[in-house]
Amino acid sequence: DPAVIYDLGGKFDKSFNEAAYNGAEAWKAETGGSFLDLELQNDAQREQALRRFAGQGANPIVMAGFSWTAALTAVASEFPDTNFVVIDTVVEAPNVQSIIFDEHTGSYLVGVLAALKSETGTVGFVGGMDVPLIHKFYCGYAQGAKAANPDVKLIENYTGTTPAAWNDPVTAGELAKAGVDAGADVIFAAAGGSGLGVLQAMKDAGKFSIGVDSNQNYLQPGSVLTSMVKRVDVAVKNALTEAADDATFKPGLTVLGLAQDGVGYSVDDNNKALLTPEMIAAAEDYKAKIIAGEITVHDYTTDSTCPL
Amino acid sequence: MDLAAILSILDATIRLSTPLLLACLAGLYSERAGLFDIGLEGKMLAAAFAAGAVAAITGSAWIGLAAGMAVSLSTALLQGVAAITLKGNQLIAGVAINMLAAGMTTFLGQTWFSQGGRTPPLGEGGRFVPITLPFANELAGIPIIGPIYYELISGHYILVYIAFLMVAVTAYVLYRTRFGLRLRAVGESPKAVDTAGISVVKLRYQAVIITGLLCGIAGAYFSIAQGSGFGNNMTAGKGYIALAALIFAKWKPVPAMFTCLLFGFLDALQIRLQGARLGGVEIPVQAIQALPYVLTVILLAGFIGKAVGPKAGGVAYTKER
Amino acid sequence: MSARRPIPRWADVALLPAINLLLALIVSGLVVLFVGENPFHAIQVIIYGAFGYGEGVGYTLYYATNFIFTGLAVAVAAHAGLFNIGGDGQAYVAGLGAVVVALALDQTHWLLAMPLAVIAAGAVGGFWAFVPGWLQAKRGSHVVITTIMFNFIAAALMVYMVNRVLKPASTMAPESATIAVGGRVPQLREFMGFFGYSPVNLSIVIAIAALIGVYILVWHTKFGYAMRVLGQNPTASRYAGISNSRMIMITMTISGALAGMVAINEVMGVQNRLVLDFVAGAGFVGIAVALMGRNHPIGIALAAVLFGALYQGGQELQFVIPGITREMIVVIQALVILFTGAMEGLFRPSLERAFMLFSPEQKAAAVAASTTKTES
Amino acid sequence: MSEDHMNPQRPETAAASAPANGWAIELEKINKRFGAVHANKDIDLSVARGTIHGIVGENGAGKSTLMSILYGFYTADSGTIRVNGQVQAITDSSHALSLGIGMVHQHFMLVDNFSVLENIVLGAEDSGFLKPSLDRARKELERLEHEYDLEVDPDAIIEDISVGQQQRVEILKALYRGAETLILDEPTGVLTPKEADDLFRVLRTLREQGKTVILITHKLREIMAITDNVSVMRQGQMVATVKTSETSPEQLAELMVGRRVLLRVEKGEAKPGKTLLEVQNLVVKDDMGITRVKDVSLSVRAGEIVGIAGVSGNGQTELLEAVSGMRDQKSGNVILNGNALSLKGDDGAARARAAGLAHVPEDRQRMGLVTNFSEWENAILGYQNSPDYGQGPFLDISAAKKRAAEHVKLFDVRPANINLKTSLFSGGNQQKIVLAREMERDPDVLVIGQPTRGVDIGAIEFIHNEIIKMRDEGKAILLVSVELDEIRSLADRIIVMFDGVIVGEADPATATEGELGLMMAGIHHNEAAKS
Ligand SMILES: Nc1ncnc2c1ncn2[C@@H]1O[C@H](COP(=O)(O)OP(=O)(O)OP(=O)(O)O)[C@@H](O)[C@H]1O
Ligand SMILES: Nc1ncnc2c1ncn2[C@@H]1O[C@H](COP(=O)(O)OP(=O)(O)OP(=O)(O)O)[C@@H](O)[C@H]1O
Ligand SMILES: [Mg+2]
Ligand SMILES: [Mg+2]
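Protein chains in written order, with my numbering: chain A, 55 to 362; chain B, 265 to 585; chain C, 165 to 540; chain D, 58 to 588.
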């Protein structure tokens, strides 16, 4: 059986771990197969879990999270016949497929939509913790908003500094309210479980929010402007299918961007009414240009800076 | 800063201090009775879960609140049995309660709702809605007073008003009633209480019950008022902050209110200062996030001085082997 | 009321805790049953996972290493009458000391890097506790509040340090650069294959040394004596010519330095880099460990191993019985704390009565007492 | 109580036949064990209504235990209690209170940060709301105060008032609850003679009103002065009950201790040498910042005992603390052996000790001992850094234990178990532990506060002899005691303190108790001499 190992946030973090789980479940539903999975409690369990599953003959082993580099690097060579798939970080080994997403480009598009939707000219961002990946979201979002409206004012907030930051909807909601009081009428939440507080607060204030990772439009219909989807679920589902067989396994780096529909913005019945055709047209235009390479969106994690 | 900004921050102060205040008052009863309570966090969390779960199922915020209070009460009684009847270590009892609540809430939440421990988002009725006080709309137009009344005083959840009302109630109970007299006495000198023919054990259980009920309201506030539904560990350490506030306030109700307002204010300030610049340089967000804690330490060291708690705090009362 | 007498010492230190642990396991078993799994199997798995094979033992000991440090930190402060809730923050910031030294010296040899890192981590962790100690001694600020606050301040500081200072610009993960072999603490598995791949490392030797050191410090030095006088009776310590303020500051520093050793185990022994939140709540577990170990090194060692076993056994449980989630393991740990710590007195009266029955002279007395009682 | 239960060895007693007013309290065959300790063995005691009944006995004889049983604080293992002839199973204190039994405990059962009034109504409130109770109590208090001439400020906070006043509060508490039988456990241990006289006046008034009083005391003078009957306990047993008028202090002392006790201090002439302790213009504040010692100067020479008399709370405590380095002086100097005591840091007591001072504190449990420590650990308290107890940073436990064993032997501490927790020793033996530690260091200056507070007569005799022995070895001794008898029999010079100042000096050989009493009330020496 294949195995999926989630990161410390846990299987149901309303973020990429949950997306990974959903992907695996989708795979299960489609193929009728079964998979093993595990939630970590601390960093020391990473290698333990990998060895454990690999030793049991699980193949492939899929893991989500940027903290897997060291553990996977150590273990991959011990199990040359096992296929590993890691999401959000890069490990170079012949039996490892590294999948990373262009979160910055997806965020760029929702930034465009946010700036176009905003009547106040102020848009906000609530991140869980000030870590590089979240900065990557913010930096893309800010670039997109600026592109659509060079005068846009951006408010950048983070929930906290402890692991509770990812599960603190109350503080996140307060950040959103403060943002509203400071003039923001669209806020992008990239804060895991905390983001729910932003969605709720914006709904209560009669303003708009932007969801993250999975399509969160349904959570507060009519208030969630769109979601910056990052198809970890699709990646996991594909990995479970492809990596099971050495013939279809694709070791090396896989980058999922706009072109691959790995990232993007979501439109469905819940938010259709919120997006004007002009907005969609503008977003599609930017999307095409990014894919074509006419616009380069800066990726914060390449040099830890954001050109704004 | 204009009036709107000031009102915005004060409004947030009230919202943020409410759960602290309820938990702080809750702790006050136990600690005044001579029971250290570091289990405020756990009781709030358990209550937040119960309130969120029951409100989601019944669609009634009031039933949710009752469930939150009931669960917090039973948690408090468990802690009470350990600390009072079995004379166990009060700190361990608190630690155990905190861990138990952290594990149980997510575990049961996942078992029942399969949303990773979260309870389903609450619809209309499942959640308390802000109440508009009489004449708020009519008076809103009056300069200064109007906005203050409309924004700051009116428009909060009923639990907010309950919290502030509890300050007066607590002060009254503590200083003006027989129960309050005995409560204060048992925390200072259980022996004096015992020889005066009053049951120390009964008195301490009464205190624990009140603590449980108030923590229940505090917890419910998180999940069915301020938030919409329960999220894992959503109390995020507020129980510890409430404990700190209680010590800061020297175990007195009115100072407790001001301390909680201060802590709430610092948090509201932190939220609004994120992204601020000092001399053209952006202050690291972490520095701003740490600000409430740093300021608390400074205020404590600079102005509050020694806090001496109830003398008999922390020790079980044994009259005989 | 029936006459009782204190139970024998062996029963107090061994039998009673064993009964309590059993009860905790029974209640945990009910939780396991609740999700439809076999509780006996679950217990078997926990025990096997923690002690049944080399790698499991290694993991148990690796966790225990952390808990020994944080447990000792709480205990040392407790002997002086101080409640240090700040072990988590102290251990966390100590990571800075450890990682800076380790990165600077990782081209040399661990024999050089490790002692210096111990000093650096101890100094940083100690400093993080010294400040609350100083505030308590000089300003009367309650050390419980200040250490709670310092935990939060530490978290903010570390997010900044890791992301903005220590993180190499090109990496994605919020962590410092990786420490090369010269800056790592050797793994026990390098000498003893028994431990499999487990991360137990030479830090455990520091932990054992710390246990012995604390024992000597508390009970066999003049300083420890003074510390205990202060903890028992601050007025008597003034009477005895002990400077209470100096004692508080020094004790807190020692306490923080002990907590700081967690950084050696984690940063140099396991992760080989500084990651966010590497302490993972070990500071709080330390409170339970110290309380259950009655602030005595032997008790702390045992309690630390118990908690290590619960962590590792719990992980094993997750592997073997997929229906058991990590939250259930937290529940089981909480139940163990509840029954063996807070409710340890549950069976004391019955045990006392039981022992009465085994003591003939007491039995006679009890019978006599109960008969006269009924007459009156 | 039936005749056949009588102990045959017991001297025939006043309790034999029923008194005119009947028995208020009858205890029969009371037994109580604490683990291995048999604190009360088959105790019989009958107390006649409308009398004052004294109970004496050595430390640890079981007096407090017996009274705690009567008050429902402990439950007897076996035995019968009759109150007004009715058998009662007294299960708790509220039950005892409802039977009209009130108790003033040896260690007061007051809430320190409550007002007098709050302490009085605690547990006897009329209703859920405090105000009516307090108002009624205030009126009732006025009446009681008037009736018994017991004056206290109802709004004063307990920790701010003197122990004498605290005791009045305890008595008022019992009376407020309608006590018909009042138990007083060592009520005069902390009182000045004047306060004790006031107390006795109150007790006599109570007796006149038909109330019954049980009085535990170590002071035979008080027994003789006020009681009608007296019972003697020894090692958990009741050894005798006699009419006070038919006994003598010597006989009681012998019954208590089982041997003859010398009730006087025998000492020779003092031969004062050079000045070892000098206090110059000392001003000291207490923790609340109130000036307690106001410009005090005195000196103590080698080979003399200077006694400081005074009502407690007049600055003696702070004076002692300043002299022994525990409390900083605001101004003025303390000169030990010619060197001024430095004020740096909060470890002044260590510097005072290094300069040759030893200190027996007034409050042994709060200061002089760590009650949770074993005897041997307490035997080094204050001297823990001495090289005698280990080189460098290490503590030489065997050296400390050896020293402790010596102390136990020299001072006849009982039980002679150096590993026992000090909280389990009786007050007298705790006091011996402190004295042994401080005296055996061979200090130049010995500062002693209340050396025999709560200590039985056998131990008092011993302690007094040790103090005289120290003096004769040429030590300078500063003695603070509220016991005028003690000061007069031990001191070579008496200094009287009132309100933080020295109001006069007296020669113990010539000064009368009346003169001293006036000075202690703040009337200066010359005025006192005139009146
Ligand atoms: N709570 C207790 N636990 C164990 N032993 C006790 C307890 N109280 C008293 N004892 C024991 O009972 C004996 C009698 O104590 P009690 O307090 O009655 O003495 P006492 O006559 O009042 O002495 P004193 O003159 O010192 O006040 C003591 O020797 C002591 O060992
Ligand atoms: N908890 C206890 N356990 C064992 N013995 C006790 C306990 N409490 C008191 N005692 C014993 O009871 C006896 C008297 O105690 P009590 O408190 O009446 O005496 P005290 O005030 O210390 O001294 P003093 O003798 O004259 O007044 C002592 O022998 C003491 O050792
Ligand atoms: Mg007594
Ligand atoms: Mg006594």
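Rather than coming from a laboratory, the hints here were simulated on the basis of the structure.
One thing to keep in mind: the hints can contain errors.
Said to hold, decoys possible - Straight-line C-alpha distance at most 27 Å; calculated BS3-like pairs for lysine-lysine: (1) 570(B) with 514(B); (2) 351(B) with 466(D); (3) 171(A) with 257(A); (4) 86(D) with 386(C); (5) 386(C) with 478(D); (6) 459(D) with 302(C); (7) 466(B) with 516(B); (8) 387(D) with 302(C); (9) 328(D) with 351(D); (10) 455(B) with 351(D); (11) 302(C) with 575(B); (12) 257(A) with 304(A); (13) 466(D) with 386(C); (14) 570(B) with 459(D); (15) 200(A) with 257(A); (16) 516(B) with 302(C); (17) 351(D) with 401(D); (18) 171(A) with 304(A); (19) 386(C) with 459(D); (20) 455(B) with 514(B); (21) 575(B) with 458(D).
These numbers were taken from a predicted model, which means no experiment stands behind them.
Hints versus structure:
| no. | hint | in the structure |
| --- | --- | --- |
| 1 | 570(B) with 514(B) | 9 Å, holds |
| 2 | 351(B) with 466(D) | 38 Å, violated |
| 3 | 171(A) with 257(A) | 15 Å, holds |
| 4 | 86(D) with 386(C) | 50 Å, violated |
| 5 | 386(C) with 478(D) | 19 Å, holds |
| 6 | 459(D) with 302(C) | 38 Å, violated |
| 7 | 466(B) with 516(B) | 22 Å, holds |
| 8 | 387(D) with 302(C) | 19 Å, holds |
| 9 | 328(D) with 351(D) | 30 Å, violated |
| 10 | 455(B) with 351(D) | 37 Å, violated |
| 11 | 302(C) with 575(B) | 21 Å, holds |
| 12 | 257(A) with 304(A) | 43 Å, violated |
| 13 | 466(D) with 386(C) | 25 Å, holds |
| 14 | 570(B) with 459(D) | 41 Å, violated |
| 15 | 200(A) with 257(A) | 25 Å, holds |
| 16 | 516(B) with 302(C) | 24 Å, holds |
| 17 | 351(D) with 401(D) | 21 Å, holds |
| 18 | 171(A) with 304(A) | 40 Å, violated |
| 19 | 386(C) with 459(D) | 17 Å, holds |
| 20 | 455(B) with 514(B) | 23 Å, holds |
| 21 | 575(B) with 458(D) | 33 Å, violated |
Violated hints, in rising order: 2, 4, 6, 9, 10, 12, 14, 18, 21; the structure is consistent with all others.
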